[in-house]
Structure formats: C-alpha cells, structure tokens
Amino acid sequence: MITVKKLVKRFGLKTVLRGVDFEVQPGEFVALLGPNGAGKTTFLRILASLSRPSLGQIRIAGYRLPDQAAQVRARLGVVSHLPLLYGDLTAEENLRFYARMYGIPHYEARLTEVLEMTGLEARRHDLVRTYSRGMQQRLAIGRAVLHDPDVMLFDEPYTGLDQDASSMLDDVLKTVAAQGRTVVMTSHDLARAEDLATRFDILSRGLISASASSAELKQTNLLSFYKQALAG
Amino acid sequence: MVDKATEIKSVKVDGTPARGSFIQAVAAVVWKDLRAEFRSRELFSAMLVFSLLIILIFNFALELDVKTRRSVTAGVLWATFAFAGTLGLNRSMAIEKDRGCMDGLLLAPVDRSAIYFGKVISNLIFMLIVEVIVLPVYSALYAINLFQPGLILVILLGSIGYVSVGTLLSAMSVQTRTRDILLPILLFPVAIPVLLAAVKASNGFLTGAEWAEILLPLNLLIAYDVIFIAVAFMVFDHVVEE
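Residue numbers (my numbering), protein chains in the order written: chain A, 1 to 232; chain B, 233 to 474.
Hints were generated in silico from the structure; no laboratory data involved.
Beta carbons are placed, not taken as given, at the ideal position from N, Cα and C, and that holds for glycine.
Please note that the accuracy of each hint is not assured.
Simulated coverage check for chain A against chain B, where a stretch passes if three residues somewhere in it have a Cβ under 8 Å from a Cβ of chain B [as the list claims (entries may be wrong)]:
| id | segment |
| --- | --- |
| 1 | 43-56 |
| 2 | 75-83 |
| 3 | 206-217 |
Cβ pair distances, simulated, as ranges [said to hold, decoys possible]:
| id | chain 1 | residue 1 | chain 2 | residue 2 | range |
| --- | --- | --- | --- | --- | --- |
| 4 | B | Ser-277 | A | Glu-23 | 49 to 55 Å |
| 5 | A | Glu-23 | B | Asp-412 | 43 to 49 Å |
| 6 | A | Pro-26 | B | Glu-473 | 41 to 47 Å |
| 7 | B | Val-281 | A | Thr-159 | 36 to 42 Å |
| 8 | B | Arg-411 | A | Thr-130 | 25 to 31 Å |
| 9 | A | Val-8 | B | Phe-315 | 41 to 47 Å |
| 10 | B | Arg-409 | A | Asn-36 | 16 to 22 Å |
| 11 | A | Ala-109 | B | Leu-288 | 51 to 57 Å |
| 12 | B | Glu-445 | A | Gly-12 | 47 to 53 Å |
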C-alpha cells in the first residue's frame, strides 16, 4: 500500500531524512517511533504530499508522489496534533465543507454516520471552538475518514489530551483500524502504540534503524526494543 | 459509540482533476469564509472601523476648499481601501494558518488554485462590502457625489487587482513569524501599478476628464488584473508547498 525507497529530505544544508526505505502492506497498523527531531513529522508530511521529497521514490495505493498527488490525497486521511478545523463553524459545517472540498457525492448521510462514529452526533450544531481538545481531536478523525480513505496518517494524535480523551481516541482509532485501513501513526506514547499497532518502526537520525512486528515483540517488550534500536 | 464498523463505500473519491470539482471547491472555500466571518465578524469589523477612522482623520487633517477636496478624493479613497484591504488579507490567511487549516485545505484532492480563487473571491466580497459602506460616509463627510458608474467600475477593477496579488502574497507571508509586518512590505511595492492606475482613473471620473484620458489607466487596470490573476494561478501551488 505504501512503498518508500531511498527517501531524502533536505532543508537548506540540513538533511532530515537520509535515505529512508519503508514499506507498509494493506491493513497494517504501523507505529513510527523515535525521539524528537528524528524526522517523523517531516516523513509523514511528505507521505501526505504537504512537502516535496528532495530525492527518492514514493508510491501510495499505486500512485506516485509528487506527480500524482491529487490521486494520492483522495485515498489519504491525515490527523495531526492540530485539529485542522474551523472554530467559527459547527461540527456539521466543518464536515460539510470538507465533503465539498473532497467532491464526495450525496454526503449528507455520510456526515451523520461520521458524527455517530466519533460520538459527536448530539453536538453536531455546536461551534467547534466550544469543544474540548478531546472532542476536537475526535472530530478531526471524523474529518479524516469522511471520504473513506484507504490509508490513514496520524501525527502525534494524543498530544494535549487528558486520560479520558486519550482512551476515547483509542476507541476511535481501533474502529478506524478495524475497518481495514492501512494506518501509519507517529507517537511518543509507547504503551498506546503497543496496544494499537501491528508493526513498530524506529526512525532515528533520519533513517529507519529497526523494525519489528507485534508477533516478534512477544519475546521482548517495546520499550527495550526501542532503547536497543536507538542505542544501535 | 464506536462499534459501528459499517461504511458507505459510495463516498470514495477518485482525485482525478475535473472542472466540476474545481468549481465546487472554489464555492466551498467562499461558503466557508462567508459563514465563519458572518458569525465572528472579526475581519469585517476590523476592516470597517479602520476604514472609517482613516476617512475621519483625513477629513480633519485636510481642511480643504471644495475644488481641492475633489482632487484629493481618489487618493484618500484608495489609501483607505489599500490599508483596510491589507488588514483583511492578513487576517483571512492567518485564520487558515493558526489552527492548521491550511494543511486541511492542501490535503483536499483538488487543484490548489481552487483554494486561491476561493480566497480571492471571499476577500473581494469583504473588501467590496467595506467599500459600499465607506463610499456614502465619505460622500457625506466631503460633500462629494461618489455614486458614478465609472468610478464604481474603477473601484471594482482596482479591488480585483489588489486582492488577487494580496491573496498570493498573504499566502507567502503567513508562513513567516513576522507576517503582520511582512505583508504590507511585500504588497505595497507590487500593488503600486494597480493603485496608481486606480487613482488616475478614479480622478478622471471625479473631475469629469475626457474619456481618452481615462481610457489609458482603465486599460492598464484591466491588464494588471489579468496579469496578476494569471501569475498567481501559475505559482500558488509552489507558494503554499513547503
């Protein structure tokens, strides 16, 4: 579903990604872990076609980036730590706006379905600026799944959420994954990543330094695997 | 809450650029901007109050006779529109940047120039509403009739040119930390041809100049509008991409 070969990203003289090779099979849930400044957000922004690679090849759902970016974006849902929502619009208006931007046909039924999935149906007519951070993040996921994408990218989705909001987000993420989507999520929360993901890749100093499936990690735990990968 | 794993498969979108989806995306951006603005009135009220204050300050500063007053009207009007317009352009793009909404727009599978045209249309609507309110106030304060079809045409053409280049530059400046300062520094030098042509043409209509005298700045205004829109259409994608 996602194939990345020798991906390099430079910002001026600084090289953030140094030839990343990355492959994700359909239906996999990959947790991309690594310390601050490892290049996780940059990597996800390139996959989301928000940033151009300096070198390398990327294919998502059979389409090349950056040449076929519109086709890739149609198959991609992105959630970051920012909600990407308008505070002066209601939840329903935000979703309606994005439905029109994505050219979704007959979207009214879909809006209700997404609001039910995120548990926000009762507050669909409230302005988003009156929502808590957790509710905004759930709506952000609703926005991202609105066009039924095959691939979901989550960039630190738990940032700024309290315990209750985080566990509610867990449920929404599990639902999204259970629907057969391919998911790539960056996170610093190893416990949550271990609970959700089926594979763990460690991005360190601009390269994928280690990779393991959840089955392989049964011998050890994610924390020691993570520490080992960073030390190596 | 989340045990509903059913999906409506018909919502899948293709992402192949089509004219219908382009127009729909432009309309969606305009609808969103108008809806949010008429609810918050943040941008509009700032532009309007600022415009009225400028006119009032000029009114007290320039205690002129009727003839001289008529000759400075075009300059005062366009200075007012330019300053108020800059305020609106800055705010309009800042709303997109502050909550990461610009990324949300850029993730949509449409030609990115649709976002540009949507923002241009909504910025133009805000600017025209402010102008519609400012003109009668100016007329009352300066005792000059500004409701002439020729002058209104010039205001429309000048506003299109100013907003089209301003929207492009605000998309650039909003990505910097000094966006509030940077936009006027970038915009005013680039918009000088539009402002000069607009002042000259407006002056021509207000002083009852010969048609031949008005035609040149009017043609220049149309040419600048076409050039600015065409250039912005070509470069907007590169401006908003990292």
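**Q.** Structure versus earlier hints - violations, ascending order
**A.** 3 and 6
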